[in-house]
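Asks: The residues making up each chain are set out below.
There are 4 protein chains.
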Amino acid sequence: MMAHETAHVGYVGDKEQIIKRLKRAEGQVRGLQRMVEDDTYCIDILTQVSAATKALETVALQLLDDHLAHCVADAVAQGGAAADEKVREASAAIARLVRS
Amino acid sequence: MMAHETAHVGYVGDKEQIIKRLKRAEGQVRGLQRMVEDDTYCIDILTQVSAATKALETVALQLLDDHLAHCVADAVAQGGAAADEKVREASAAIARLVRS
Amino acid sequence: MMAHETAHVGYVGDKEQIIKRLKRAEGQVRGLQRMVEDDTYCIDILTQVSAATKALETVALQLLDDHLAHCVADAVAQGGAAADEKVREASAAIARLVRS
Amino acid sequence: MMAHETAHVGYVGDKEQIIKRLKRAEGQVRGLQRMVEDDTYCIDILTQVSAATKALETVALQLLDDHLAHCVADAVAQGGAAADEKVREASAAIARLVRS
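Protein chains in written order, with this note's numbering: chain L, 62 to 161; chain S, 62 to 161; chain F, 62 to 161; chain Z, 62 to 161.
Chain L extracted, bound-state conformation (with noise of 0.2 Å):
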């Protein structure tokens, strides 16, 4: 029970920056709105949305790392189907972050 808490929460050890990168991502749609409500140049407000959009794409690769480093390798050093499972399940959330 305590090793599956422990296997899942990969990013355990990066909680509180992944939370202020997040808080930071919030803060940036708030500024879109801000900027649309100010009727700001288009150019200006993509040049934000890009901003933001890559802030969440790294916080996807911090988890995605943290992830492979903890609850894949956890699973694949017990070997077994669970170990393919993960391997499997990770690929997809790959396969989901390349095409988005």
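I should point out that these hints are in silico values taken from the structure, not numbers from a laboratory.
Incorrect hints may have been included.
[To be verified] SDA-like mimics (lysine to any residue), calculated; alpha carbons at most 25 Å apart, straight line:
id, chain 1, residue 1, chain 2, residue 2
1, S, Lys115, Z, Gln109
2, L, Lys115, Z, Glu118
3, S, Lys76, L, Asp105
4, F, Lys81, Z, Gln123
5, F, Lys81, Z, Asp99
6, L, Lys76, S, Ser111
7, Z, Lys84, Z, Gln109
8, F, Lys115, Z, Lys115
[As the list claims (entries may be wrong)] Partner residues are not named here, just some residues of chain F that face chain S (Cβ under 10 Å, in silico):
id, residue
9, Met96
10, Asp100
11, Leu125
12, Ala144
13, Ala151
14, Ala156
15, Leu158
Glycine is no exception: its CB is placed at the ideal position from the N, C-alpha and C atoms.
With chain L fixed as given, assemble chains S, F and Z onto it according to the hints.
Replies: Only chains S, F and Z this time, still in chain L's reference frame:
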């Protein structure tokens, strides 16, 4: 002056819809923070990050669409160096989007 | 007729450079096949796949740039429904690029 | 030595399919050159560029999947610094893919 005002906010007709979409994206990013706080499984967070990224991408494409249909089109109809500049600027924004 | 001919090949002035870039991309994809045949390490192949993808992306952005600067600009200068259709078509192509 | 050989080509079981896909991608890139030579309409070329990019992306995801399932899994099963290094290397490759 008025012409410029009208020209530079290509998204004026979609303002309400864009803000609605940004509010939803903001909600998704706030939801992500809760998921991290609650030790939600990494893969489930990643799925939600992809959803938020896609929401921002949709906003970007809508802004760009409006920008081409109004700002760029108006500048091109007037011709001259300003038209070339608008096209170059739009191309650079598209490149940033494609590469982000 | 001639106007249409000129209009629809926005990239006419960059043709040689585009073909050169595509030939290089073709060489990269052929190089990838050799790497796979030779059992090259996965990560090194992935680096080369990213390079080939970026080469194609650069071609796409150049074509789009030329398309906006010539085909779309010409249609917009003439105005009417054809202009709107060109802008819509360009927006759809941009959306495909951003999402691919 | 043999173990290393087997370990580093995670895609060994999919070699034929990957080469087939790369040959198809090569054909698409050659087709693009013909389209440009023949003054094909920009938007139709762009559609084909997106198809070629997607074909390469599929190859990348397959290579990555095999790499995680074999090379990374084997290294993790053996443990130690080599395992950490393999995970870091895979994460960096994923980041390149997501950002390309």
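Asks: Determine for every hint whether it applies to the structure shown.
Replies: Consistency of the hints with the structure:
| no. | hint | result |
| --- | --- | --- |
| 1 | S/Lys115 <-> Z/Gln109 | holds, 23 Å |
| 2 | L/Lys115 <-> Z/Glu118 | holds, 20 Å |
| 3 | S/Lys76 <-> L/Asp105 | holds, 15 Å |
| 4 | F/Lys81 <-> Z/Gln123 | violated, 29 Å |
| 5 | F/Lys81 <-> Z/Asp99 | holds, 15 Å |
| 6 | L/Lys76 <-> S/Ser111 | holds, 19 Å |
| 7 | Z/Lys84 <-> Z/Gln109 | holds, 15 Å |
| 8 | F/Lys115 <-> Z/Lys115 | holds, 12 Å |
| 9 | Met96 | violated, 25 Å |
| 10 | Asp100 | violated, 31 Å |
| 11 | Leu125 | holds, 6 Å |
| 12 | Ala144 | holds, 7 Å |
| 13 | Ala151 | holds, 6 Å |
| 14 | Ala156 | holds, 5 Å |
| 15 | Leu158 | holds, 5 Å |
Consistency with the previously given hints fails for numbers 4, 9, 10, ordered from lowest to highest.
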